[in-house]
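S.K.: In case you want the letters, here they are:
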Amino acid sequence: MQESEFQKKEICKTGIEELDVMLGGGIPIGSTVLVVGSSGSGKTTLCMQFLINGAKQGERGVFFTITEPLFKLTKNMEGFEFYDKKLIESGMVNLIDLRIISERLGLDTEKYTVEDASALLDILRDIADELNVKRLIIDSITALCYRLQTPEMIRDFIFKLGSSLAAMKCTTLLTSEVPPRKFQYSQYGIEEFISDGIFFLGDIERKGDLIRTFQIVKMRGAAHSRTKSAMSISSKNGIELAPLLRSRE
Amino acid sequence: MANVLIDGLKERISNAIKINQSIGILLPGSNYSDLLQALFEYMSSQPEDVWVYVTITKPYETLAKEFEFIEESKHITFIDCISRAAGITKTYPNCIYIESPTMLEKLGLEVMNVFKEVNNERRKYLVIDSLSNLMIYNDPDIVTEFFYHITNRTRARNIHTISLAIEEEGMDKYLNRLIYLNDKILKVRDSFI
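Those protein sequences? They're chains A and B, same order as listed. Using our numbering, you'd call the opening residue of the first sequence number 2 and step up by one each time. Using our numbering, you'd call the opening residue of the second sequence number 156 and step up by one each time.
A couple of the hints might just be wrong.
The list that follows gives simulated cross-link-like pairs (lysine to any residue, SDA-like), each with its CA atoms no further than 20 Å apart [unchecked claim]:
id, chain 1, residue 1, chain 2, residue 2
1, A, Lys229, B, Lys271
2, B, Lys245, A, Ser235
3, B, Lys271, A, Ser236
4, A, Lys208, B, Lys245
Chain B is faced by these chain A residues, among others (derived, beta-carbon under 7 Å) [unchecked claim]:
id, residue
5, Arg207
6, Lys208
7, Asp210
8, Thr214
9, Ala231
10, Ile234
11, Glu241
12, Ala243
These are computed hints drawn from the structure, not numbers from a lab. C-beta atoms are modelled at their ideal positions from N, C-alpha and C, and glycine is treated no differently.
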């Protein structure tokens, strides 16, 4: 694809300055991006910062959590300066516990049948549509996939979700949990093929200390950087990226 | 005698930084305390300027005890790379703490973040104390790469830099390569002051 064609695409700015530069402006609108990392790598923080930054620009968003209760999620986020409680109260950012929705739908909380998955998909689409959200997070797709019983169900679920949200011009981030220091993008080996983009959050060891790293593995429709960056998480600035020093360790 | 020595150092620093974007100060360990005093007195006498002082040599707490006036100097922000690694957990409002001196990218980010918030009309200075101590915690090659990055970024934003290097046996090869990236080198010798 030519550079000019990339530039013509509508983009969704993450609001993380260095990341937007690496993406050539931002994520192409309507894309589904897998945010991959092990426990504590910063997936949830990155997603929340993306959502909050969007809300500050007038784009409504929704965060579906499956891995932790809402009170824990908000408590963790309150420590960040980018977090603005008013955006939650005003409905610009919506936080929803997917487990509660599943319970209310009467779904088996451990394993979903094809019908359960279809009902859940409908609910997610309806919420996105009714709230007119432009940014949507599922944290984590791994926990959701665990409940889907076959690779076909996982493929079908993510594909249909991504397609519906793309039609709504909603940009989606799905977090994917992987074991530390493993070069893999998902637990089930399917999620990465259906996603338009992959952000990989890892780490490298330097003199016994762990340096957080960030890499865009793919981003369809964007002339993106593929270099590995150092990533910092601070309460003042949230996620920040800097060129990774590469000299021989 | 001590005053003459410190005044001499202050004058040399002042003259060099006025006409150069970056200066490197190469000194024997025996002159470190005098240089530190000269540097802090000089920095304190320039309240209209903005200073970022990166310490890899002494924890901020120790510096603040030695030079009481630095705690009151609102135009100086300290970045302490060694306290946390040494288990010192106390915090001070004018000091940013880096978990470990190996986290060089984080250090670079914090330096630039301080300057980002500064009005462009104010003169900006970065002090790195010291390159030789960064090499204690990191491989020399990565310190060289870090120093290239930081000097390129500071030059682009019109930030003056003062980098200290304490002469150590066996490190000359690396220190010389680094220190000569600066526009001007001050070699501190007892006989010069």
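S.K.: Among all the numbered hints in the text so far, which are the ones the structure does not match?
M.R.: Checked against the structure, the hints that fail are numbers 1, 4, 8 and 10, while the rest are satisfied.
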